[in-house]
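S.K.: For the protein sequence lines, the chains are A and B, in the order given. Count the first sequence with my numbering and you get residues 1 to 443, in order. Count the second sequence with my numbering and you get residues 444 to 890, in order.
None of these hints come from the bench; they were simulated from the model. Treat the hints loosely; a few may be bogus.
To be verified - Result set (DSBU-like, lysine-lysine): computed pairs, CA atoms no more than 30 Å apart in a straight line: (1) B:K559 to A:K222; (2) B:K681 to A:K202; (3) B:K760 to A:K226; (4) B:K559 to A:K260; (5) A:K428 to B:K565; (6) A:K226 to B:K681; (7) A:K202 to B:K689; (8) A:K202 to A:K175; (9) A:K363 to A:K287; (10) A:K50 to A:K363; (11) A:K226 to B:K565; (12) A:K226 to B:K512; (13) A:K226 to B:K689; (14) A:K287 to B:K559; (15) A:K202 to B:K512; (16) A:K428 to A:K127; (17) A:K338 to A:K428; (18) B:K556 to A:K222; (19) A:K333 to A:K127; (20) B:K760 to A:K202; (21) B:K512 to B:K546; (22) B:K512 to A:K169; (23) A:K260 to B:K565; (24) A:K287 to B:K760; (25) B:K689 to A:K287; (26) B:K512 to A:K428; (27) B:K559 to A:K202; (28) A:K428 to B:K546; (29) A:K301 to A:K127.
As the list claims (entries may be wrong) - Heads up, incomplete: computed chain B residues facing chain A, CB under 8 Å, no partners named: (30) T501; (31) S531; (32) G533; (33) I727; (34) Q729; (35) Y741; (36) T866.
Even glycine gets a Cβ: it sits at the ideal position worked out from N, Cα and C.
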Amino acid sequence: MIKTLRGRATLTIVGVTALAVALAGCANNSTSGSTPGAKPSTSTVAALPKAATCTSSDDATTTFKLGTFLPLTGSLAFLGPGAVSGAGLALSEINKDGGVLGKPTCTIDTDSSDTDNPTIGNSSIAKLLQAKVSAILGAESSSVTENVLSKVTASPGTVMISPANTDDKLTGISKWYFRTAPNNTVEANALGSQIISDGHTKVGILVFNDPYGTNLRDATQKIVEKNGGTVTYGATGKGQEFPSTQTTFSSDVSAVLATKPDAIVIDAFDQTQAIITALASAGWTMKNTYFVDGNLSAYPKLAPGTLTGAQGTTQGVNPNSAFKARLDAWYVKNEGKKLTTYSYAAESYDAVMLLALSADAGKSATSAAIQPKMLPASGSTNGTVCKTYAACLPLANAGTDFHYTGPSSIGPFNAGHDPSTGYIGIYKYNSTNNFDFVSAVKG
Amino acid sequence: MHFSRLSRSRSGSKKWVLPTLVALLLAFLATFIPVGATASAAVPTCSPDATTACVRGTLLDDDSNAVAKVSVTLTPPTGPEETEVTGSTGQWVFSVHEKGQYKVSVDTSTLPKGLKLAVASKTLTVALSSLAPAAFDITGSQTSDGHVVQQSATSLYLLRVWQQFASGLRLGLLIALASIGLSLVYGTTGLSNFAHAEQVTLGGMLGFTFAGVLGLNLIVASVITVILCALTGYLQDKFIWGPLRKRGLGLNQLMIVTIGLSIALEYTYQYFYGGQPVAMTGIIQQNTGPLYMTPISYLSMAIAVVVLVAVGLFLLKTRIGRATRAVSDNRALAAASGIDVDRIIRLVWIISTGLAGLAGVLYSLVQGGMQWSTGLQLLLLMFAAVTLGGLGTAFGALVGSMIIGVVVEMSNLVLSADLKYATALVILILVLLVRPQGILGRRERIG
Numbered sequence: 001m002i003k004t005l006r007g008r009a010t011l012t013i014v015g016v017t018a019l020a021v022a023l024a025g026c027a028n029n030s031t032s033g034s035t036p037g038a039k040p041s042t043s044t045v046a047a048l049p050k051a052a053t054c055t056s057s058d059d060a061t062t063t064f065k066l067g068t069f070l071p072l073t074g075s076l077a078f079l080g081p082g083a084v085s086g087a088g089l090a091l092s093e094i095n096k097d098g099g100v101l102g103k104p105t106c107t108i109d110t111d112s113s114d115t116d117n118p119t120i121g122n123s124s125i126a127k128l129l130q131a132k133v134s135a136i137l138g139a140e141s142s143s144v145t146e147n148v149l150s151k152v153t154a155s156p157g158t159v160m161i162s163p164a165n166t167d168d169k170l171t172g173i174s175k176w177y178f179r180t181a182p183n184n185t186v187e188a189n190a191l192g193s194q195i196i197s198d199g200h201t202k203v204g205i206l207v208f209n210d211p212y213g214t215n216l217r218d219a220t221q222k223i224v225e226k227n228g229g230t231v232t233y234g235a236t237g238k239g240q241e242f243p244s245t246q247t248t249f250s251s252d253v254s255a256v257l258a259t260k261p262d263a264i265v266i267d268a269f270d271q272t273q274a275i276i277t278a279l280a281s282a283g284w285t286m287k288n289t290y291f292v293d294g295n296l297s298a299y300p301k302l303a304p305g306t307l308t309g310a311q312g313t314t315q316g317v318n319p320n321s322a323f324k325a326r327l328d329a330w331y332v333k334n335e336g337k338k339l340t341t342y343s344y345a346a347e348s349y350d351a352v353m354l355l356a357l358s359a360d361a362g363k364s365a366t367s368a369a370i371q372p373k374m375l376p377a378s379g380s381t382n383g384t385v386c387k388t389y390a391a392c393l394p395l396a397n398a399g400t401d402f403h404y405t406g407p408s409s410i411g412p413f414n415a416g417h418d419p420s421t422g423y424i425g426i427y428k429y430n431s432t433n434n435f436d437f438v439s440a441v442k443g
Numbered sequence: 444m445h446f447s448r449l450s451r452s453r454s455g456s457k458k459w460v461l462p463t464l465v466a467l468l469l470a471f472l473a474t475f476i477p478v479g480a481t482a483s484a485a486v487p488t489c490s491p492d493a494t495t496a497c498v499r500g501t502l503l504d505d506d507s508n509a510v511a512k513v514s515v516t517l518t519p520p521t522g523p524e525e526t527e528v529t530g531s532t533g534q535w536v537f538s539v540h541e542k543g544q545y546k547v548s549v550d551t552s553t554l555p556k557g558l559k560l561a562v563a564s565k566t567l568t569v570a571l572s573s574l575a576p577a578a579f580d581i582t583g584s585q586t587s588d589g590h591v592v593q594q595s596a597t598s599l600y601l602l603r604v605w606q607q608f609a610s611g612l613r614l615g616l617l618i619a620l621a622s623i624g625l626s627l628v629y630g631t632t633g634l635s636n637f638a639h640a641e642q643v644t645l646g647g648m649l650g651f652t653f654a655g656v657l658g659l660n661l662i663v664a665s666v667i668t669v670i671l672c673a674l675t676g677y678l679q680d681k682f683i684w685g686p687l688r689k690r691g692l693g694l695n696q697l698m699i700v701t702i703g704l705s706i707a708l709e710y711t712y713q714y715f716y717g718g719q720p721v722a723m724t725g726i727i728q729q730n731t732g733p734l735y736m737t738p739i740s741y742l743s744m745a746i747a748v749v750v751l752v753a754v755g756l757f758l759l760k761t762r763i764g765r766a767t768r769a770v771s772d773n774r775a776l777a778a779a780s781g782i783d784v785d786r787i788i789r790l791v792w793i794i795s796t797g798l799a800g801l802a803g804v805l806y807s808l809v810q811g812g813m814q815w816s817t818g819l820q821l822l823l824l825m826f827a828a829v830t831l832g833g834l835g836t837a838f839g840a841l842v843g844s845m846i847i848g849v850v851v852e853m854s855n856l857v858l859s860a861d862l863k864y865a866t867a868l869v870i871l872i873l874v875l876l877v878r879p880q881g882i883l884g885r886r887e888r889i890g
């Protein structure tokens, strides 16, 4: 009896989910068409199957075991799918091209959640370390990484590579830690320059009290002030940051508008939709609003035209349509949903490629073998440039220096294990609350 | 004669109808065409790459209106000067292919009358594949009288105080609506229901399902949502709380059950509705009226007041209401005097979850969406409100909620914005030190 009830409930749930997915699909189809040439034709790309989940019989030295530590729940969960698809696609393509050390790779997927739920992240990390993974991909949030890093780097040490961390405090924090996202001073430079060049000198910043938010704010404020602008609200040391658990923003919006800014930067995660609503209700001209990588996302639930003209910055160049189509096809086949964001997809893809090629070059799938090969693989020794796993693998096997360059277009790792150069993409929202690529600047 | 003149005048007016309609239609359509979209095509565009950097800026006056037809000159470290005239967006941009020091100057003689520029030239250090911005602070305005309408700092501040007070009242009323059920359940059963917050979230989520996904009318969707939420109260009491009460489970154990239920529900919402807020309608209304709020906010506040008064009258004036208060006062005595305590408790659960659902719907409409975690973030405020007002009393919950709402929304006028919840909780502690039973609570007899 209980079983049938549950079965029926599951059916209903599946039905409702399918309906929701179908509806979301419709909405996305109408929006993605607005980017000329970027409309991916998923039907022409053969989707690869997902890499298998590691089992306890997989040997730690011969099987490349990737532990993913990405936000599947929590306040960053809306930016998780991009990284999941990037990492998953990379593993699937590696397996298609012969695997690592001649064996198929496997994966253990865990949830990093957010800073408000540290227990989830801690138990995920414990699980990954116990499984002796070759390396860990994650986390997206800098503060989550900071919470778990001491466990990851404790002897014997495991390589951890983040596709999205931007906190400048993480530069050179440990020999085991790498990232494929440029640190936030690079993004702040692009964001601040964009604001100033749009003619805005009085900038209000709505920032939440999280290291990600405040560090990006500090760096942006420096660029704005260097170019003759002022920060009217949310400046360093003014105590105007809002708590990350806040859900109502009318008082913050009243406060920022009372300082008469020319432009407003929303420096937050998933609090952003509520902030947009409050700003729009108060009559703020939305085209003078700027988004950051933590909230540059499509907002299909808002009325069309709400965000027209607003701009935002995020790491990486705009993924080309062929790469997007591969991500789309992989995600639909293996996760059963349509991909809504490409944020950090290229960075995750490249992070996994670098780990796999380092294992090949180090002739072992252990972190100890991977770690010393990461810098050369990223191009620090000016090796032969190669762009795919298939092209780099023979070089890695032969022991020749190589330089992997992938879709994220980052420069080689520097001594602090940050990308020495990186691109920041500038995007503009269109009338469907989705955003189009404008230009990319190097930093 | 008379008749013909009438008909002529009628046909005469008809002649005007069509052109007027066309003009109106054109004017209407014109509002949809982005201003400056065509003109900006005349301004050269620049996209940084390995061999290109962009030197860019935008001339805006004090009203943030574009300043057009101004000459801007770029002096490169080597080679000839370049001059450009700003377009209708006020933007100017130069593509350069060499790094180094560039001087940008604005020809002040080409500025429109009434505008002034303090610093007319700037030197920039330009690196390739980057954007070098230059800001020119133009003072003055281009409006017809050339006079900038500046609101004084004091009036802006007063407006802000008033707006935040109004948002405080609004938040207070919504918290009151949500927390009165929490208080009633505590009053009749002694249970601190941590999962009550998820009942508020459920209201927003079901509202989104019916209005946002299935496209039902907002009012119909809200009514269905509140009925379904009330139904969950009935089912919960029938299948969870009733049996647990009969087995004589202690209040502490029950409270742990509610915490577990709260977390389970929260992540169930995230699983089905995703991480981002879901809204019943995507339409964003403009703030208006004396409280400077959206029309839906006024309506929500009115509904909250009416429902709260109705609940109050129900408790004071009706037989069942008096029975509820009797159970709340002394359960054993109420049972002994013939009141069906279990029936009253089930009714309280139905009312409590129904009101929470209504609060969720109104909160979602007012704040532009409900997120999987919104309820939990309100839970602390709700507990603070009912404790402040006096646990177990309906009117206490109202008074407590209004205080908490106003304090939360107004504290950033004097304190760091980060401390708004902390301030509310400090007030709670201070009030409890002076009046342990809460503002409207009864003093417990000890011994």
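S.K.: It remains to establish, for every hint, whether it holds in the given structure.
M.R.: Here is how each hint holds up against the structure:
no. : hint             : result
1   : B:K559 to A:K222 : holds, 27 Å
2   : B:K681 to A:K202 : violated, 59 Å
3   : B:K760 to A:K226 : violated, 68 Å
4   : B:K559 to A:K260 : holds, 20 Å
5   : A:K428 to B:K565 : holds, 28 Å
6   : A:K226 to B:K681 : violated, 65 Å
7   : A:K202 to B:K689 : violated, 64 Å
8   : A:K202 to A:K175 : violated, 41 Å
9   : A:K363 to A:K287 : violated, 53 Å
10  : A:K50 to A:K363  : holds, 24 Å
11  : A:K226 to B:K565 : holds, 12 Å
12  : A:K226 to B:K512 : holds, 27 Å
13  : A:K226 to B:K689 : violated, 70 Å
14  : A:K287 to B:K559 : holds, 25 Å
15  : A:K202 to B:K512 : holds, 24 Å
16  : A:K428 to A:K127 : violated, 41 Å
17  : A:K338 to A:K428 : holds, 22 Å
18  : B:K556 to A:K222 : violated, 34 Å
19  : A:K333 to A:K127 : holds, 27 Å
20  : B:K760 to A:K202 : violated, 58 Å
21  : B:K512 to B:K546 : holds, 20 Å
22  : B:K512 to A:K169 : violated, 46 Å
23  : A:K260 to B:K565 : holds, 25 Å
24  : A:K287 to B:K760 : violated, 54 Å
25  : B:K689 to A:K287 : violated, 60 Å
26  : B:K512 to A:K428 : holds, 25 Å
27  : B:K559 to A:K202 : holds, 18 Å
28  : A:K428 to B:K546 : holds, 29 Å
29  : A:K301 to A:K127 : violated, 36 Å
30  : T501             : holds, 3 Å
31  : S531             : violated, 13 Å
32  : G533             : holds, 6 Å
33  : I727             : holds, 4 Å
34  : Q729             : holds, 6 Å
35  : Y741             : violated, 13 Å
36  : T866             : violated, 11 Å
Hint compliance for this structure: hints 2, 3, 6, 7, 8, 9, 13, 16, 18, 20, 22, 24, 25, 29, 31, 35, 36 are not met, and every other hint is.
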